[in-house]
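Peer 1: Chain order of the listed sequences is A and B. Its first residue numbered 1, the first sequence is counted upward by one per residue in the working numbering. Its first residue numbered 148, the second sequence is counted upward by one per residue in the working numbering.
Calculated cross-link-like contacts (lysine to aspartate or glutamate; reagent style EDC-like; alpha-carbon spacing at most 20 Å): (1) B:578 to A:66; (2) B:578 to A:70; (3) B:253 to B:386; (4) B:578 to A:67; (5) B:598 to B:336; (6) A:2 to A:67; (7) B:289 to B:495; (8) B:339 to B:350; (9) A:3 to B:580; (10) A:2 to B:580.
Far from chain A, by Cβ distances over 12 Å, these chain B residues were calculated: (11) 149; (12) 152; (13) 275; (14) 292; (15) 618.
It should be emphasised that the hints constitute simulated quantities derived from the structure, not laboratory data. Using N, Cα and C, we set each Cβ at its ideal position, and we do this for glycine too.
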Amino acid sequence: MKKTDIGVVVFIYAVGVLFLVMTFQLPAAAQTYPLFIDLLLLALTTAYLVRMVIGARRKGVTSGLEDFQDFLPGQFFPILGMVILYLAAMYVVGFYPATVLFMVGCLLFLRVPKWQILLSTAAVAALVYFAFTMFLRVRMPAGLLFR
Amino acid sequence: MLETLALMGQGFVHALSPLNLLVMAAGTAIGIVIGCLPGLSAAMGVALLLPLTFSMEASTGLIMLGAIYCGAIFGGSISAILIHTPGTPASAATAIEGYQLTLQGKAGKALGTACIASFFGGLLSCISLYFFAPLLAQLAMKFGSPEYFWLSIFGLTIIAGVSSKSMLKGLISGALGLLLSTIGMDPIEGVKRFMFGQSSLYDGINVTCALIGLFSMSQALTLAEARIRARARATKFKDKMLLSREEMKMLAPTIGRSWIIGNLIGILPGAGASIACFLGYNTSRQFSRHKELFGHGSIEGVAGSEAANNAVTGGSLIPMLTLGIPGESVTAVLMGGLIIQGLTPGPDLFTGETAAMTYTFFAGFVLIQFFMLGIGLLGCRGFAQISRLSDAILIPAVTVLCVVGSYAIHKNFMDVIIMMIFGVLGWLCRKFDLNTAAIVLALILGPIGEKGLRRSLALSGGDPAILFSTPLCWLLVALCVFGVLSPVLMARMERKAGGVDPDDA
Numbered sequence: 001m002k003k004t005d006i007g008v009v010v011f012i013y014a015v016g017v018l019f020l021v022m023t024f025q026l027p028a029a030a031q032t033y034p035l036f037i038d039l040l041l042l043a044l045t046t047a048y049l050v051r052m053v054i055g056a057r058r059k060g061v062t063s064g065l066e067d068f069q070d071f072l073p074g075q076f077f078p079i080l081g082m083v084i085l086y087l088a089a090m091y092v093v094g095f096y097p098a099t100v101l102f103m104v105g106c107l108l109f110l111r112v113p114k115w116q117i118l119l120s121t122a123a124v125a126a127l128v129y130f131a132f133t134m135f136l137r138v139r140m141p142a143g144l145l146f147r
Numbered sequence: 148m149l150e151t152l153a154l155m156g157q158g159f160v161h162a163l164s165p166l167n168l169l170v171m172a173a174g175t176a177i178g179i180v181i182g183c184l185p186g187l188s189a190a191m192g193v194a195l196l197l198p199l200t201f202s203m204e205a206s207t208g209l210i211m212l213g214a215i216y217c218g219a220i221f222g223g224s225i226s227a228i229l230i231h232t233p234g235t236p237a238s239a240a241t242a243i244e245g246y247q248l249t250l251q252g253k254a255g256k257a258l259g260t261a262c263i264a265s266f267f268g269g270l271l272s273c274i275s276l277y278f279f280a281p282l283l284a285q286l287a288m289k290f291g292s293p294e295y296f297w298l299s300i301f302g303l304t305i306i307a308g309v310s311s312k313s314m315l316k317g318l319i320s321g322a323l324g325l326l327l328s329t330i331g332m333d334p335i336e337g338v339k340r341f342m343f344g345q346s347s348l349y350d351g352i353n354v355t356c357a358l359i360g361l362f363s364m365s366q367a368l369t370l371a372e373a374r375i376r377a378r379a380r381a382t383k384f385k386d387k388m389l390l391s392r393e394e395m396k397m398l399a400p401t402i403g404r405s406w407i408i409g410n411l412i413g414i415l416p417g418a419g420a421s422i423a424c425f426l427g428y429n430t431s432r433q434f435s436r437h438k439e440l441f442g443h444g445s446i447e448g449v450a451g452s453e454a455a456n457n458a459v460t461g462g463s464l465i466p467m468l469t470l471g472i473p474g475e476s477v478t479a480v481l482m483g484g485l486i487i488q489g490l491t492p493g494p495d496l497f498t499g500e501t502a503a504m505t506y507t508f509f510a511g512f513v514l515i516q517f518f519m520l521g522i523g524l525l526g527c528r529g530f531a532q533i534s535r536l537s538d539a540i541l542i543p544a545v546t547v548l549c550v551v552g553s554y555a556i557h558k559n560f561m562d563v564i565i566m567m568i569f570g571v572l573g574w575l576c577r578k579f580d581l582n583t584a585a586i587v588l589a590l591i592l593g594p595i596g597e598k599g600l601r602r603s604l605a606l607s608g609g610d611p612a613i614l615f616s617t618p619l620c621w622l623l624v625a626l627c628v629f630g631v632l633s634p635v636l637m638a639r640m641e642r643k644a645g646g647v648d649p650d651d652a
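Chain A extracted, bound-state conformation (with noise of 0.2 Å):
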């Protein structure tokens, strides 16, 4: 058994639990099918846990860590709070800055060589430009700032 397995199992429950409170707010000709599911779903996971003691009884329990040996927290994290950012920027100042600022800001925190981070943010502004706004036509957000 992995120690990080007990994560997943208290997150499955967590949304299951969730799941079927708001199930009982639903009339009653309507609770069944999800009613149904979610119990599916919490049957399943408590079959999992199961299987989780018994093989932590059997062949003791791991940490799980060995899953996260390549991780990087001080890479993924930054790139995962600019992208919140980014999203965050977009709908202030409007895509096309936005996506300047998030792909200059990601390259150079990845210190990518600044030819490179030329080329590839004017090829991916253009990329999207060319296909998504001439040839979708799809407006893309103009942002409060330049509503």
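Go by the hints and put chain B onto chain A.
Peer 2: Relative to the frame of chain A, chain B by itself:
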């Protein structure tokens, strides 16, 4: 029969329109680029470019997605041969012999073999697509609500099949997907369910956003978590790519065997190109007259693997198009493409006006193989250099395309947020061995099953015996049992083939 032949002919006429030919060329080239970039999979590429097909005619959009699919499966062999890093898991077996040939200065020969074997594997797989798909569709026309319920259950049992390590975790992923599929309006009672106050969830979770998040955004996050490594420089090669008549004669039986293997694996739900390539490779070794060359650079090994993984493409479309059951990740994404076009995968695709669209797609699928051969042979040298593109550039570029793709569906910012949530969910699933393909299959099949079950019960006044009322119901029940048992079979096949995880070819 005559009607079918007419539809086939008509399909070729439509597929040969300048726009369709342009789309085939562009899709194949894009697919090869995606395939030859290690870290990007065929499913991810198709999901990422799905929004580009919104404004196209249904057949043209599907041809584009099919071209990306075929191109990506072949493209994986370029980096496998030149830098010993398979672009997609489907080319893992190709790397064994292909890289040995590169070390001997025969990279051109290896790439030529991969290209020609991929062409024949893909082309021959179209035969089964043409002949088995209409037969299965005719059977599916007899389906009523109870049969559709069982059909979705059969699809869901495949979830166990596509699970990579633990069947229970696969089933949990499927149940989670089913639960998420209940978000939105109740189809019978008309009650709002689990919408968290968001009116954009009225029609449920947008499957395309979920697909882009689970397959593409999660891939960008996976690339972001590991050290950015410099890729090996792709070997420049000068030897001839074309094969001699003797070599073609030697490879013909290998390609034939791999075609049959790949096709069967493709039709079987839950299996995929990553299993087929190892089975094709192993079979080519078993039957080879030059066994001593295996492990030291054998073109038979390259042909066995590449013909098998490309033969999967046509086969895998059969259950998706005829029954609405996607057997693996890429076909689930392609099914998303059909749904976006307002089409319902299943027997309806083979009747009325829709049949013309289906046969145009089939004809396009045949022509795509020729484009793959031409672009592959002519462009290998250029694609080889693309395979060196750093993950550092791919991470923000893929993220931007995910954002744009999900926004373009309804021009709604909420879709971008949903895509992002599914992206993080997909990344967590990969880390904790849950199954993203199972979640997607459940999201697609959940509403079909729910409608089938509730309509059947409404028709019978609540009597569940209606679910066992016809021989077809029993046939589907038997298939469900097979679906549950299939993981054991798959695990054996995978062990025998020394294969890899089947879920993300």
